[in-house]
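Visitor: Here is what each chain is made of, one letter per residue.
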Amino acid sequence: MKPRIYLIILLLIIPVQASLFSALSLGGIKPDLALAVIYIIGLLTGPGEAALAGIGIGLVQDIGSASFIGLNGFTRGLIGLFAGLFGKRVLDISSPSNFILLAAFSLAEGLFNALFMQAFYGYVPIFSMFFTNMLPQALYTGVLGILLLRFISNRNVLSTLRRHAFQKEL
Amino acid sequence: MPEFIVKHKKFLILFILFLILFWLITYQVNAGRLTFMEKPVLAVSGFFERVITSPFRFLESAANGYVFLIHTERENGRLKEESGQLKLENSITNELLIENERLRELLGFSKLHPPASVMVQVIAKESSPSSRTITINKGADDGIQKDMAVIAPAGVVGRVHAVLSGTAKVILLTDPGSTLAVRVQRNREEGLLEGKIITCALKYVSYYADIQEGDLLVTSGLDGIYPKGLPVATVTKVTRHEASAFQTVVAEPAVRFSRLEEALVLRK
Chain A
1 MKPRIYLIIL
11 LLIIPVQASL
21 FSALSLGGIK
31 PDLALAVIYI
41 IGLLTGPGEA
51 ALAGIGIGLV
61 QDIGSASFIG
71 LNGFTRGLIG
81 LFAGLFGKRV
91 LDISSPSNFI
101 LLAAFSLAEG
111 LFNALFMQAF
121 YGYVPIFSMF
131 FTNMLPQALY
141 TGVLGILLLR
151 FISNRNVLST
161 LRRHAFQKEL
Chain B
1 MPEFIVKHKK
11 FLILFILFLI
21 LFWLITYQVN
31 AGRLTFMEKP
41 VLAVSGFFER
51 VITSPFRFLE
61 SAANGYVFLI
71 HTERENGRLK
81 EESGQLKLEN
91 SITNELLIEN
101 ERLRELLGFS
111 KLHPPASVMV
121 QVIAKESSPS
131 SRTITINKGA
141 DDGIQKDMAV
151 IAPAGVVGRV
161 HAVLSGTAKV
171 ILLTDPGSTL
181 AVRVQRNREE
191 GLLEGKIITC
201 ALKYVSYYAD
211 IQEGDLLVTS
221 GLDGIYPKGL
231 PVATVTKVTR
241 HEASAFQTVV
251 AEPAVRFSRL
261 EEALVLRK
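Keeping their order, the protein sequence lines are chains A and B. Residues in the first sequence are numbered from 1 upward in steps of one, following my numbering. Residues in the second sequence are numbered from 1 upward in steps of one, following my numbering.
Isolated chain B (complex conformation):
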């Protein structure tokens, strides 16, 4: 027996290591993900990510500034037209907002305060087989804190998971650790949206709930992280199982994460 141990010492150590790792995984399934050594690793990787991406960003801005000037005139015309349209829409929206505030006041509701935001750039996209995260170029020095909402023009991106002085890690909607309270825009049906690596799924939706393909899911504001009414995802598949009290609802995020370059972090 001792001879066997001596002969296969290396593989026995490896076997024990694999057992420890397996135990660690199963432990986290019940107790939640561990954040052991997260800050030092993020500090090192964040530093190198900024160093690596800075020449690319410089080249990109140079290219946008000089090489693509040929499209500027056409782009300018289009933007002027769009700006006029948006000004018109903005004045209508402002009227509605004032009316809404007045009516809220009459009903005794509290005033709505749109949250302040910080513009950030995505400097890295990590896609581990069991998680989906991005790194942004601003952190605690710019007032970013854990659990702040991150959004893009198309909708919700995710929430801040870990913050360092100059960078922060954001958990995307599709990460399995991400859960947010949503509402079907059409009929105000509520649910919890959970990340499923490439898509999202609504959790615990009653068999009888009226949810259809194409329905837009918006934030309900009940989780205390995301403001109410932001677009989150579109329902792509609804499956009802005879034997189950719930239906399976799959939704596609409104934001295309593979093309995400800038985002807004909403301050609390």
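Bound-form chain A, shown alone:
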């Protein structure tokens, strides 16, 4: 993808997620825009580029949310890498299975982070977090991902994002 698209994503991902997506919050649960974007980059470009994009977006999120610098970069880089690998070999951009895969990535990331916090900060209510936070957010992110994929399936949008070597068949 073109560098200027990455620049726009890096500049806008935090403000859009934190302000605009607050309006989409249902019972305090918001879809994870950054995760959906990294997943889509994985489908469109490939593992290497998506992993780098994931690391970049994750690091910007870490810095902007006063989190551990590198935690989101690490998990989101891995998600980009795997999304790229799956996208290259298995998935079609218009396949409904993207919903399941995106929700699974979101859930895996939530569990990883909860276990990390448990390991280093002691007690974290993982069981209640799984049902009240992680699972609804994973499903919500899956829905958002499908909607975004529908939007970019439009040939004009896709041609803007296109990078000839990795373009998948519609």
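There's no promise every hint is true.
Covered stretches of chain B (in silico footprint by chain A; criterion: 3 or more residues with CB under 8 Å from a CB of chain A, positions within the stretch not fixed) [stated by the list, open to error]:
no., region
1, 34-41
2, 81-87
3, 120-132
4, 190-198
The set of hints was computed from the structure by calculation and includes no laboratory data. If you're wondering where the values come from, they're calculated on a predicted model, not measured in any experiment. In this text, a Cβ means the ideal position worked out from N, Cα and C, and glycines have one as well.
Put chain B on the given structure of chain A with help from the hints.
Guide: Structure of chain B alone, referenced to chain A:
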């Protein structure tokens, strides 16, 4: 070997990057969170957050001003009734305050000075998997400084973490980096409340401490950030382990952060 490196150069670079990130995380676990590049990122995101939220705020105020006028009369009646009740309570409280000040003076205690406050609006809510923060629409230009307490009518929200000229980042109670000194209102038992992403937990509470579900935790004022006596959280679960000298106490914050729109920053 060099052939392998050349062939998989891209993935080796990625592998090294992941190792660096992993080292960075483990380093911060011991040394505390880094604040590298925080101000430039906050400046950019704060600017766009204000731009994005301003049309929504305009529409919201227009809707509140015109569309919902139908409820105004009923609301007005309710507020008048509430205002009368509050005036009565206020005069009783003032009497108690004067009496309290007089008694403090007699005992040689210093005078109580209620802190000045700044009203702020929440313009963004960030919920990274390992942190819970919000952005407010006022910053250093309005006298806001790092480590000032942020409260809402229901209780404590958190503390100011980073300040820019027009915005500030606030760490919520549920953020794992947030710790505050609290006291059980019922029996004055003390403890340290730590954020646990969706709830909070009392740290190092002795096995024998008398803490029950439903107990209200209030600020003790010992941390030097929050004034004494503000509601913080309600105890929801107490677990005692035979093998441990401590008990696990989980508490639900008094403020519903998902519905938080305005707050007060207490000036030092």
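Visitor: Determine for every hint whether it applies to the structure shown.
Guide: Right, here's what the structure says about each hint:
no.: 1; hint: 34-41; in the structure: holds (count 6)
no.: 2; hint: 81-87; in the structure: violated (count 0)
no.: 3; hint: 120-132; in the structure: holds (count 9)
no.: 4; hint: 190-198; in the structure: holds (count 4)
Violated hints amount to a single one, hint 2; each of the other numbered hints is respected by the structure.
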